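Could you build the full structure based on these sequences and the hints that come with them?
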Amino acid sequence: MHIPDGFLSTPVWATLDVAAAPAVLYLTRRAQHSLEENKVPLLGVLGAFVFAAQMINFPVGPGTTGHLVGGALLAFTLGPAPASIVMVAILAIQALVFQDGGVLALGANITNMAVMGVLAGYLPFHIWGATRWHKSALFAGGALSVLVSACLALAELLISGVRMPGSVLGVSLALFAVSAILEGAITLAVMQALERLHPKTARPLQPGRPPILAGVALLAVLLATVGVFFAAGGPDGIERLLNLHPASLRAGFWGQASAGVGGLLLIYGACLVIGRVARHRSL
Amino acid sequence: MHPAVVERWARGSSPLHQRDPRAKIIALLVFLIALATAGPGLPVFAGGLLVLLIAGLVCAGVPVWGVLVRAGIVLPFAAVLAGVTWLAGDPTRGAVVALKSYLSALAVLLVISTTGLPALLRGLEAMGAPRFLLQVAQFLYRYFFVIAEEARQMSRAAAARGASARHQKFGGQSFRAAAGALAVLFASSYARAEDIHRAMLARGFEGRFPLLGEMRFGRADLLFTILASLAPVALRFAVERTFA
Numbered sequence: 095m096h097i098p099d100g101f102l103s104t105p106v107w108a109t110l111d112v113a114a115a116p117a118v119l120y121l122t123r124r125a126q127h128s129l130e131e132n133k134v135p136l137l138g139v140l141g142a143f144v145f146a147a148q149m150i151n152f153p154v155g156p157g158t159t160g161h162l163v164g165g166a167l168l169a170f171t172l173g174p175a176p177a178s179i180v181m182v183a184i185l186a187i188q189a190l191v192f193q194d195g196g197v198l199a200l201g202a203n204i205t206n207m208a209v210m211g212v213l214a215g216y217l218p219f220h221i222w223g224a225t226r227w228h229k230s231a232l233f234a235g236g237a238l239s240v241l242v243s244a245c246l247a248l249a250e251l252l253i254s255g256v257r258m259p260g261s262v263l264g265v266s267l268a269l270f271a272v273s274a275i276l277e278g279a280i281t282l283a284v285m286q287a288l289e290r291l292h293p294k295t296a297r298p299l300q301p302g303r304p305p306i307l308a309g310v311a312l313l314a315v316l317l318a319t320v321g322v323f324f325a326a327g328g329p330d331g332i333e334r335l336l337n338l339h340p341a342s343l344r345a346g347f348w349g350q351a352s353a354g355v356g357g358l359l360l361i362y363g364a365c366l367v368i369g370r371v372a373r374h375r376s377l
Numbered sequence: 023m024h025p026a027v028v029e030r031w032a033r034g035s036s037p038l039h040q041r042d043p044r045a046k047i048i049a050l051l052v053f054l055i056a057l058a059t060a061g062p063g064l065p066v067f068a069g070g071l072l073v074l075l076i077a078g079l080v081c082a083g084v085p086v087w088g089v090l091v092r093a094g095i096v097l098p099f100a101a102v103l104a105g106v107t108w109l110a111g112d113p114t115r116g117a118v119v120a121l122k123s124y125l126s127a128l129a130v131l132l133v134i135s136t137t138g139l140p141a142l143l144r145g146l147e148a149m150g151a152p153r154f155l156l157q158v159a160q161f162l163y164r165y166f167f168v169i170a171e172e173a174r175q176m177s178r179a180a181a182a183r184g185a186s187a188r189h190q191k192f193g194g195q196s197f198r199a200a201a202g203a204l205a206v207l208f209a210s211s212y213a214r215a216e217d218i219h220r221a222m223l224a225r226g227f228e229g230r231f232p233l234l235g236e237m238r239f240g241r242a243d244l245l246f247t248i249l250a251s252l253a254p255v256a257l258r259f260a261v262e263r264t265f266a
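Going down the list, the protein sequences come from chains A and Y.
Quick note on the working numbering: the first sequence kicks off at 95 and runs consecutively.
Quick note on the working numbering: the second sequence kicks off at 23 and runs consecutively.
What the hints contain is simulated information worked out from the structure, not anything from laboratory work.
Warning: the hint list may mix true and false statements.
Which chain Y residues face chain A? A few, computed with CB under 7 Å, are given here [stated by the list, open to error]:
hint: 1; residue: Ser35
hint: 2; residue: Ala58
hint: 3; residue: Phe99
hint: 4; residue: Phe208
Note that this is a predicted model, so its numbers are computed, not measured.
Quick reminder that beta carbons are idealized off the backbone N, C-alpha and C, glycines included.
Quick look at the structure:
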């Protein structure tokens with residue numbers, strides 16, 4: 095799932111590099127503050143553990159084995175921001191030393207696996223990890239982390255103009271589902287074994303999250319991963335608007351770009367306001 | 023191939039090895055961007071870049087054939103993508119992707135095998151990347167070999183007890199055994215990290231690694247940056263002039 099250089103079109107890798115840089119800066123700062131003391135050795139050694147864990151094979155079926163990817167496991171034990179930073183470090187070393195993933199495509203790989211994958215994997219644990227469905231949260235976390243990163247990588251390839259026949263797309267989605275279930279099962283099994291070894295491994299959570307937040311969050315993740323494939327068909331709101339006002343097409347690059355950024359900011363602001371209101375209501 | 027080989031190559035003393043890591047990072051980025059955005063006349067441009075990279079490898083004194091083979095790691099991915107796009111009726115795209123990804127990997131290998139990861143990370147820090155992240159990466163790289171050896175020992179021990187995953191029927195028991203092994207590895211890594219941290223504090227660690235030898239961006243580095251960045255760009259202009 096590590097995208098090498100040359101696979102993505104220039105707008106796609108450049109945008110994701112620009113997007114990943116502030117995300118990594120923000121997560122670095124959060125990771126630094128979320129750990130009680132200087133835990134650089136802890137993050138580094140656990141990163142090495144995730145790397146090395148790929149050498150331990152899990153029996154999947156006759157003659158086939160799988161291995162841990164690790165984003166969700168790190169998020170459960172270290173918290174989301176430190177786990178992201180560890181994954182960023184792993185991806186950077188894989189790109190530089192092992193030629194596993196490109197250097198220009200590093201922003202894309204970081205966005206897919208270290209940012210979105212880790213956060214999506216942490217989501218179920220955050221929402222219902224402290225309830226009696228603890229085990230299902232661990233499983234869903236592992237599965238979601240892999241599913242989200244894989245779907246994002248596929249979407250980036252499609253946006254880059256790689257044409258795929260429908261059958262190939264279907265097969266790859268099926269493969270994603272299988273590897274997601276596998277990662278979920280491995281994550282769950284390792285977490286259970288860890289809880290037997292050290293009962294306090296998983297991060298403590300305060301119970302009692304509002305269930306509506308859980309619903310909204312899961313719906314958002316599902317829309318972002320699966321919804322993409324349904325959205326491609328008909329003209330969306332922006333395209334319909336363009337058909338109504340064809341003059342806006344003549345606005346040139348800067349006009350269109352600022353319109354796009356403005357729209358994004360509007361949506362972001364709306365989400366922020368709704369989030370604040372929902373939080374005050376539920377508390 | 024073992025990644026430690028790259029670190030051994032990085033200990034050379036050719037003119038390329040002596041350049042400041044920042045100079046090589048800038049040149050690498052220019053090279054990669056020139057390659058990634060190239061359109062018309064790509065085969066000729068790629069041939070020129072290959073000659074440039076091989077010249078660099080020869081100058082650096084690293085085994086040319088070994089590096090050329092190692093960069094081929096990306097080719098299986100490119101082959102899969104080529105197959106898929108060929109099925110979709112877009113046969114040239116696979117070749118373009120294979121060329122670009124192979125040359126990009128080769129360029130990264132040339133830089134890493136004349137610099138080494140620790141020096142490269144130090145260069146990135148000097149260029150403004152967050153120090154916390156780079157320290158995590160440093161630790162990760164240092165202890166990767168240690169933890170990987172531990173993992174190898176554990177799986178060898180499991181195999182000696184007759185528990186090789188490959189020869190076993192799928193079953194909950196062997197799956198749980200592998201999970202247990204990973205949990206033990208996790209716990210021992212965690213304990214090791216705490217030991218390391220205590221030892222570092224005892225030796226007076228104050229939040230940053232002391233440098234052995236300052237980095238200096240001298241006149242030769244400036245000249246190298248300009249020439250090495252100019253070469254791919256000039257080559258591309260020349261190729262596009264003749265093909266467009």
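Here is how each hint holds up against the structure:
The criterion of a C-beta within 7 Å of any C-beta in chain A is not met by Ser35 of chain Y, whose closest approach is roughly 21 Å, and the hint is violated. The criterion of a C-beta within 7 Å of any C-beta in chain A is met by Ala58 of chain Y, whose closest approach is roughly 6 Å, and the hint holds. For Phe99 of chain Y, the interface hint holds, since its Cβ comes within 7 Å of a Cβ in chain A; the closest pair sits about 6 Å apart. Nearest Cβ of chain A to the Cβ of Phe208 of chain Y: about 6 Å, under the 7 Å cut. The hint holds.
Of the numbered hints given earlier, the model fails hint 1 alone.
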